[in-house]
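Take these sequences, add in the hints, and give me the full structure.
Number of protein chains: 2
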Amino acid sequence: MIRIAVDAMSGDLGPRTAILAVLRLATSAASGVRFILVGERSVLERLLPATLPSSVSVHHAPSWVAMDDDPRAALRHGRETSMWRALDLVRTGQADACVSAGNTGALMAMGRYLLKSLPGIERPAICKAMPVSRGRTWMLDLGANPQATAEQLHQFALMGAVLATRELGRDAEVALLNVGVESGKGPEVVQAASRLMADDRRLHYIGYIEGDDIYTGRADVVVCDGFAGNVALKASEGVAKLIGEKLRSGIRSRWRYRLAVPLLMPLLRRWRTELDPGAYNGAIFLGLRRPVIKSHGGADEGAFAGALNVAIEQVRRRVTEHIETELAES
Amino acid sequence: MIRIAVDAMSGDLGPRTAILAVLRLATSAASGVRFILVGERSVLERLLPATLPSSVSVHHAPSWVAMDDDPRAALRHGRETSMWRALDLVRTGQADACVSAGNTGALMAMGRYLLKSLPGIERPAICKAMPVSRGRTWMLDLGANPQATAEQLHQFALMGAVLATRELGRDAEVALLNVGVESGKGPEVVQAASRLMADDRRLHYIGYIEGDDIYTGRADVVVCDGFAGNVALKASEGVAKLIGEKLRSGIRSRWRYRLAVPLLMPLLRRWRTELDPGAYNGAIFLGLRRPVIKSHGGADEGAFAGALNVAIEQVRRRVTEHIETELAES
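Residue numbers (this note's numbering), protein chains in the order written: chain D, 4 to 333; chain R, 4 to 333.
None of these hints come from the bench; they were simulated from the model.
It cannot be assumed that every hint is accurate.
Said to hold, decoys possible - Computed footprint of chain D on chain R, listed as stretches where at least three residues anywhere in the stretch have a Cβ under 8 Å from a Cβ of chain D:
| id | stretch |
| --- | --- |
| 1 | 128-137 |
| 2 | 142-153 |
| 3 | 212-218 |
| 4 | 232-245 |
Stated by the list, open to error - Think about it this way: if two alpha-carbon atoms lie no more than 30 Å apart in a straight line, the pair counts; the simulated DSBU-like pairs of lysine-lysine are:
| id | chain 1 | residue 1 | chain 2 | residue 2 |
| --- | --- | --- | --- | --- |
| 5 | D | 244 | R | 249 |
| 6 | D | 249 | R | 249 |
| 7 | D | 249 | R | 244 |
| 8 | R | 244 | D | 188 |
| 9 | D | 119 | R | 188 |
| 10 | D | 188 | R | 188 |
| 11 | D | 244 | R | 244 |
| 12 | R | 119 | D | 188 |
| 13 | D | 244 | R | 188 |
All C-beta atoms in this analysis are idealised placements derived from N, C-alpha and C, irrespective of residue type, glycine included.
Here is the structure:
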């Protein structure tokens, strides 16, 4: 039995999104999974059906963290919030993983405080699957650590490799993001991380990779600090959005273009869900002792369900336990 | 009369590309511009027509810089190369700007050695126009300086603002790339640069911007270090390429999709040239005493002509002189 604690008061769209996503999974094939909706009971019950599926329960929390709350303030004063209570269910063993669409900084701060980092991990990192030419590539850190030491980048590589290896069922190939592929390129910290990774026999390290190669799938795992990762992810989202916009306005500009739309509709739909880097929802906070998954703040019901599935997979594949074992071998 | 020195032996596609681009502009409306093709005379003459347009001449250089040459070695031993000779024509006043599709590191190293940086500029930066929702946004640094101090980021901002202001004919709004828009976000060096930029009355500084906002056109100039800039640019190119690939293979997958292609063809073509971030060819080495323009190594004839036009505009708008004046006012 896998138990997922869901911070139901988080996200830009309110508790409705989390509730609909949970109900969708609870009534579909996801057997063997229980969902605990954490939030203001009266608010949640107003949105829930009179009879809940047996796999769904409500856990009361009187308050919530706002999207623009300062993470340190949320950590100091947030014990009554749905985010804290959801994480605390994981800490006390009443749940196996936590999903929230809330304030990223607060979720990381509370996650580190309540769940602690794995031994050997100085800083957890945010990791996400990106759509690539064939399949997926996992990228980390995507913003938890705007700066990272060579040792921390090395730890990100180890964690990402375990995650991708578990997902792919084969040894994952790991690359380090840089501004060129020749040795001697890039900042000293990146060069030092490259040496650590090349010397680590647990890693299948393939060297440097440039930004355009993230999307060719040349590596299964791309490692970088949270500044570069966040910039790469957001710039990618921005370009995808711009292309979508220009395509729509271009098609609207002439009648002959509009005639093509009915022919292409199924393709355009599939293409949208497949390719928007923001559509792969569910960022994993790797390096905490238990799985914590961040859903995009603006995620709709389907995307939130995607984040719930990421959490279920993390527990099912025992990713956290495998990272702990791998790190103990050093 | 504007005179452009063209390193004709550079680029992945050989001298043919540079020659065709020069001939295209020389025989078209670009009056008042002279082109000096620099390279091995026998190679160039074999590719040139028997009678050259009066605005095109050849300047001999016995050697050339290879794309994978080490920039420091190229600088030490490269006096016979077409890149060196083209830059030297600018240094001696025989040309007003230099265009090369060659080795970026060597071009920057030779540019700094032969042309020197402007007073007040510690490090030149690579700047490029990006396609955005409406119009263009200039971004720098795109890779010359993998690390930059707060003072250097401030200098990039001043240079980018002059360039964009000259191009737009109005005060350019400048933003600093960061992983969040709240003050206190991001690395200390970015926060320090933000304070310098906010205190500088020559700048119309609008604060932090995130990666996705590069493409909304919220700022006219986006400032970052060369690591983040290079990652953002290349990741953007990678996503655009991936989307193009998936669109093509999707359309090929079913007959009904193929039926739509003839209807959409003009749109798809326009869309490709408008939106590929790599298609805006011609990166400007801002901060040198004379304009040096880097064309993409894989640029075709049309894209190379685009880089030549960027060089012509730089000279015509006297961007370098305006940067020098602006910096002298500090």
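Verification of the hints:
{"no.": "1", "hint": "128-137", "verdict": "holds (count 3)"}
{"no.": "2", "hint": "142-153", "verdict": "holds (count 3)"}
{"no.": "3", "hint": "212-218", "verdict": "holds (count 6)"}
{"no.": "4", "hint": "232-245", "verdict": "holds (count 13)"}
{"no.": "5", "hint": "244(D) x 249(R)", "verdict": "holds, 15 Å"}
{"no.": "6", "hint": "249(D) x 249(R)", "verdict": "holds, 17 Å"}
{"no.": "7", "hint": "249(D) x 244(R)", "verdict": "holds, 15 Å"}
{"no.": "8", "hint": "244(R) x 188(D)", "verdict": "holds, 25 Å"}
{"no.": "9", "hint": "119(D) x 188(R)", "verdict": "holds, 23 Å"}
{"no.": "10", "hint": "188(D) x 188(R)", "verdict": "holds, 27 Å"}
{"no.": "11", "hint": "244(D) x 244(R)", "verdict": "holds, 14 Å"}
{"no.": "12", "hint": "119(R) x 188(D)", "verdict": "holds, 23 Å"}
{"no.": "13", "hint": "244(D) x 188(R)", "verdict": "holds, 25 Å"}
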